[in-house]
Amino acid sequence: MMLFLTALAVMTAGGAACLLIGRRPAASWVGASTCVLASAAVLAAAAGAMISGRADELLLPWPIPFGSFHVGVDGLSAFFALVIALVCPAAAIYGVSYLKPYQEKKSLGRTWFFFNLLIVSMLLVVAARDAVLFLIAWEVMALTSFFLVMFDGEQAETVAAGWTYLIATHLGTAFLLAMFVLLSGDGPSMDFSRLRAASPAAAGACFLLALAGFGTKAGFVPLHVWLPQAHPAAPSHVSAVMSGVMIKTGIYGLLRVLTLLGAPEGWWGWTLVGVGAVSGILGVLLALAQHDLKRLLAYHSVENIGIITLGIGLGLIGASSGDAALAVLGMLGAILHVLNHAVFKALLFLGAGAILHATGSRNIEQLGGLIRRMGTTGATFLIGSAAISGLPPLNGFVSEFLIYAGAFGALAGKPGTGAAALPALIVILALAMIGGLAAACFAKAFGMAFLGEPRSGAADCAHEAPAGMCLPMIVLSALCVGIGLLGALAVAAAVPAAAVLLPAADVLDLARPARLWLGYISAGALLLLVLAAALAALRRRLLSGREVGRTVTWDCGYAAPTARMQYTASSFASPLLGSFRLILRPDLQVQAPQAMFPAAASLHTRVEDTFERHVFKPAFRLVRKLALRLHWLQAGPNQLYVLYVAIAVMALLVWKLR
Amino acid sequence: MPIAAIIQVLLALLLAPLLPGVINRVKAFFAGRCGPPLLQPYYDILKLLRKGAVYSRTTSWVFRAGPVLGLAAAMVSLTVLPLGGTPAALAFHGDLLLFAYLLGLMRFVTMTAALDTGSAFEGMGASREAWFAMLAEPALLLGLAAMAVHTGSLSLSGMLDGLALADIRGPGAPLLLLVAVAFTIVLLTENARIPVDDPNTHLELTMIHEVMVLDHGGVDFGFIQYAACLKLWALAALLTGVLLPPPGGWPPANMALGVALILAVAVMVGVIESVMARLKLVRVPQLLVAASVLSALALALVLR
Amino acid sequence: MPTALDILAVLLILANLRLLGSSRLAACIRAVALQAVILGAAALLVNLSDLDVRVVIIAVASTGLKAGALPWLLRRAIRESGAVNEIEPFIGFTASLLVGVGLLGLCFLIGSPLSAHVAAESGLLITVSLFTTATGLLVIVSRRKAVTQVLGYLAMENGIYAFGMAFAIQEPLLVEMGVLLDVFVAVFVMGITIYNISREFDHIDTDRLSALRD
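Chains as they are written, first to last, in the numbering used here: chain A, 157 to 814; chain B, -15 to 288; chain C, 299 to 512.
Where hints are given, some of them may not hold.
Said to hold, decoys possible - Negatives, chain C to chain B, calculated, CB over 12 Å:
{"id": "1", "residue": "L303"}
{"id": "2", "residue": "L312"}
{"id": "3", "residue": "R316"}
{"id": "4", "residue": "T361"}
{"id": "5", "residue": "R377"}
{"id": "6", "residue": "Q447"}
Unchecked claim - Per label pair, the in silico range of CB-to-CB distance:
{"id": "7", "chain 1": "B", "residue 1": "F13", "chain 2": "C", "residue 2": "A302", "range": "31 to 39 Å"}
{"id": "8", "chain 1": "B", "residue 1": "V255", "chain 2": "C", "residue 2": "I355", "range": "36 to 44 Å"}
{"id": "9", "chain 1": "A", "residue 1": "G675", "chain 2": "C", "residue 2": "A302", "range": "41 to 49 Å"}
{"id": "10", "chain 1": "A", "residue 1": "T162", "chain 2": "B", "residue 2": "P(-14)", "range": "51 to 59 Å"}
{"id": "11", "chain 1": "A", "residue 1": "G713", "chain 2": "B", "residue 2": "V255", "range": "28 to 36 Å"}
{"id": "12", "chain 1": "C", "residue 1": "A302", "chain 2": "A", "residue 2": "R762", "range": "27 to 35 Å"}
{"id": "13", "chain 1": "C", "residue 1": "S410", "chain 2": "A", "residue 2": "V337", "range": "40 to 48 Å"}
{"id": "14", "chain 1": "A", "residue 1": "E521", "chain 2": "B", "residue 2": "M260", "range": "32 to 40 Å"}
{"id": "15", "chain 1": "A", "residue 1": "G531", "chain 2": "B", "residue 2": "V259", "range": "49 to 57 Å"}
{"id": "16", "chain 1": "A", "residue 1": "A660", "chain 2": "B", "residue 2": "P(-14)", "range": "21 to 29 Å"}
{"id": "17", "chain 1": "B", "residue 1": "A248", "chain 2": "C", "residue 2": "L371", "range": "39 to 47 Å"}
{"id": "18", "chain 1": "A", "residue 1": "L782", "chain 2": "C", "residue 2": "G390", "range": "35 to 43 Å"}
Said to hold, decoys possible - Here are the simulated DMTMM-like pairs of lysine to aspartate or glutamate, each with C-alpha atoms no more than 25 Å apart in a straight line:
{"id": "19", "chain 1": "B", "residue 1": "K264", "chain 2": "C", "residue 2": "E386"}
{"id": "20", "chain 1": "B", "residue 1": "K35", "chain 2": "A", "residue 2": "E703"}
{"id": "21", "chain 1": "B", "residue 1": "K11", "chain 2": "B", "residue 2": "D182"}
Bear in mind the hints are in silico, worked out from the structure with no lab data behind them.
These numbers were taken from a predicted model, which means no experiment stands behind them.
The beta carbon of each residue, even a glycine, is placed where N, CA and C say it ideally should be.
Looking at chain A on its own, in the form it has when it is part of the complex (with noise of 0.2 Å):
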């Protein structure tokens, strides 16, 4: 424990010793020394608690009122724990290099000072164990982020992003105080022992909350608004914190909700689980419709938030219905895929910043050929687009599996019986139909970027990124391997994390065979990777002496193909989107090709956020309506502001000593 707030205090002491530095060079060294520090310390004390087993706690004094400086360290916490200072260290690395060219024109001292307190804050928030303290934490990770998103404060788009996410994030927050107030029924104190829910009803009633409140910052559809918009404003390496590893924090928070709430009830995990197919499926068809790299990246979290919500919905649903192999698998799947999508996405979006870096574009439109420009880039960027599509051998294939292995389970276990059939039924058609098209959308975004020929100018003239840059990068793609070929080592750092959550001895006993599963899986993607470098070797020795020829691409026989002649991003998606335009709606205008002799002809697709177009844009037009209506009470005089308070308090006087 100590070791823990050790490192916190060294974090805020970077953060601030930064602040003080300003904008002379040193604060990014100062800045991100101390972080890949701290995460080191971290990193061990999560390891010590997942090794030990046994939670770790501290409570101290603290003259806030119902508050109180409890602290510990559990299997979950732990894990979140590790998540953070697995990912933020990389990300700290890389913003050395990306913050390099800002340096003349802001101070890079704030950023760096507000990205070690969100570290700390979010390390904070997974420690906590009273809600005031989490409720802190909590704000202050949420300003840290926003500070950090308003980063390039002159561009109009990004200050109504930051503004977008400020609102969205203080609604969730609300949400989360409601919840902790109808926990806490009328004792004094808020601390997590504390808590707990009055009624079934009232436990209900709490589940609902906690999944507004943090589901607004996980990202659940259709609360998921915000986050395409924040994540793509803030700087990359910030991106990659926010979108790898941020949004989990409401994962966290949900878990460790539930830990509170006593026994799960079967509609929770129904919720959770529909909540998760549409946030999985939508989010996944919204980031086939986008050209900007960072935003179908962004839409990519809310798919890969719905992977995750689809477990966690089967482990309630077991846990309810009494079927502890369902809530194993389902809750270590979900788990071990918060790993694992902060991983890869945290890669994913290191390499669009690259991207960004060399040619200052994140229009994959204007991409192409960047591959043979950036090769290191490129090649890490590959192996993230195909661990987050959940391709063997790769990490993000791994807790896929056990997802689905505890929905087939569910299905073939009790045929004809099971409460958790239909649900088990909906978690293998999501993901199946989210397998495909993540597949679908990362071969569209790995190939216009990175393959063929360069669609722009500032394509054609790409750079690789300094190694301060690619480091971070090649150590994330080698973890994502990593994790795919040691899938049972991995799922031992998510079994202390789920004991927390169901009963330790299920886990314990359930999880062995789980691991051995995931042995036969490590078997098969070594025989692979043995393979191919055994047919590697065929195919070199075979062509070695041979005739090796390069010439144009051999366009059907055209001689001359140029650049503006490849598919485009949207035509490679077009068909797919085509299939579901019920859903997607996108706007098309077409200007078609006229009479034999064709002059010009265009096509333009869009496709809107449908939650954004039909629910939320028309919501606060009436709230916009509404609030206008009250415009006379805010008429300017002082004097009558003061009236207003002066009735305010006489009221509430009268109401509580009536």
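With chain A's structure known, arrange chains B and C on it following the hints.
Coordinates of chains B and C only, in the frame set by chain A:
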């Protein structure tokens, strides 16, 4: 039975190129031609392996890695499939998922290799491959789920062993029939056969798989051809496992029967190709949705 | 023979899905005719143990009416009207297929408690009869042409017949009632057909006339 398991993988590696040969002979028979020799695919692959290579200047290592990884994935997918009642080498709880996702990996590397050429035709092929694969995936997984419920096993080997011959005549018949039809559609889609794609057309705007490999040549193309044969073999093995479970008895006889059944699937594919035309492209998704519906129906029957 | 009955039930489901997913009038007519044939076979199978002349005659007659005469009438009507073979749906074919699957799931939910009450030979039969009726309704609601409306009515009627058959083990008279209903529906349906089709001609004709202007 590790030796039997290894033998069956070797059998697959050895005999897979026979399948396109059989299909072509059947098609030739229907067209009244004498057709290419049965062993023609072997000659083709061997000849390709003896050739040099020409690469587009646009391509990168992704283009060269595609065929290698695709062939490796196809080979690994063979190790999870049982043949004629002999369990697979890599038989475990959930191996059906590994199988499904290995097919996914094959597709992914083919698509990226195609996009690497920067050719509009290959981009179009990749786009369509992604489109159809996305629709075929639910059909395959729901069908496998129906089988898993029916047999109570999550392993392909356990699943196909769990089927008894009595099932065919017993209560499982409608279910098996539905899954078999769904898997047949998946097989035709995944292997780019008529009515989804026409393996014989080149340089047409309607083709899918063949257009993605236009730029490959020599050793790489040999690998691709061989991988396609293996994939056909794998899906045929899956289909025959569903259609006709092993009768039990002397293992070598079973294995011979398994091989015979796979060849019979090739004959069936040849017949389908001879009597049907390729569907209009916009109709293909409907066919694939229908396959998913059949799988879902099978699942509904067995969960009833 | 529960298995054979199950297979017939599954075939009936498939015929329904074919009706929903097909874009051609001729194929839809064939699907409805196929339903009638399946039902005829099922009627014989259900009564296999005590097969008498009356049952056979009724089954053959109703099958002949629904699989032979009515499709022939419809085809003739199409041919003579020169109507286009293409169906114009309000809901797309793939979408109606998916809606159909949803309906099927619903019917499974409703059907299983129902079939628990009735000692039916095949528990599927009740579910399938409900589904067939629902399919007929869906076709009526979601298609534009007059002929497809008739097909929808016919599919509904087939569903009612199947529903009656599921109970017929206990009450053979119902089968005969089914035939009576058949005849009624046939007359009713043809009336509507003639009305609707003639209306559609007018419509088509005016369309052609207005096209002459430019």
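Hint-by-hint comparison with the structure:
At the 12 Å boundary, the C-beta of L303(C) falls inside the reach of chain B, the nearest C-beta of that chain being 10 Å off. Not every CB of chain B lies more than 12 Å from the CB of L312(C), the least distance being 8 Å, so the non-interface label is violated. With 12 Å as the threshold on Cβ separation, the claim that R316(C) sits away from chain B is violated: the shortest Cβ distance comes to roughly 9 Å. Every CB of chain B is more than 12 Å from the CB of T361(C) (nearest about 22 Å), matching its label as outside the interface.
No beta-carbon of chain B comes within 12 Å of the beta-carbon of R377(C); the shortest separation is about 25 Å. The claim that Q447(C) lies off the interface holds: its Cβ sits roughly 23 Å from the closest Cβ of chain B, which is beyond the 12 Å cut-off. For the pair F13(B) and A302(C), the supplied restraint of 31 to 39 Å holds, since their beta-carbon distance comes to about 35 Å. Between V255(B) and I355(C) the beta carbon distance is about 40 Å. The supplied range of 36 to 44 Å therefore holds.
Distance hint check for G675(A) and A302(C): the Cβ-Cβ separation is about 46 Å, which falls inside the suggested range of 41 to 49 Å. Here the CB-CB span from T162(A) to P(-14)(B) is close to 53 Å, well matched to the stated 51 to 59 Å. Taking the beta carbon of each, G713(A) and V255(B) are about 34 Å apart, inside 28 to 36 Å as hinted. Evaluation of the 27 to 35 Å hint for A302(C) and R762(A) yields a failure: the beta carbon distance comes to about 55 Å.
In this structure, S410(C) and V337(A) meet the distance hint of 40 to 48 Å, their C-beta atoms being roughly 45 Å apart. Between E521(A) and M260(B), the C-beta spacing of about 39 Å keeps the proposed range 32 to 40 Å intact. Between G531(A) and V259(B), the C-beta spacing of about 50 Å keeps the proposed range 49 to 57 Å intact. A C-beta distance of roughly 37 Å is found between A660(A) and P(-14)(B), which places it outside the suggested range of 21 to 29 Å.
In this structure, A248(B) and L371(C) meet the distance hint of 39 to 47 Å, their C-beta atoms being roughly 43 Å apart. In this structure the supplied range 35 to 43 Å holds for L782(A) paired with G390(C), their Cβ-Cβ distance being about 40 Å. Taking the CA atoms of K264(B) and E386(C), the gap is about 18 Å. The hint holds against a cut of 25 Å. Proposed proximity of K35(B) and E703(A) is supported: the alpha carbons are some 8 Å apart, at most 25 Å.
A C-alpha spacing of about 13 Å is found between K11(B) and D182(B), which places the hinted pair at or below 25 Å, so the restraint holds.
Figure legend: structure checked against the earlier numbered hints; hints not met, in rising order: 1, 2, 3, 12, 16.
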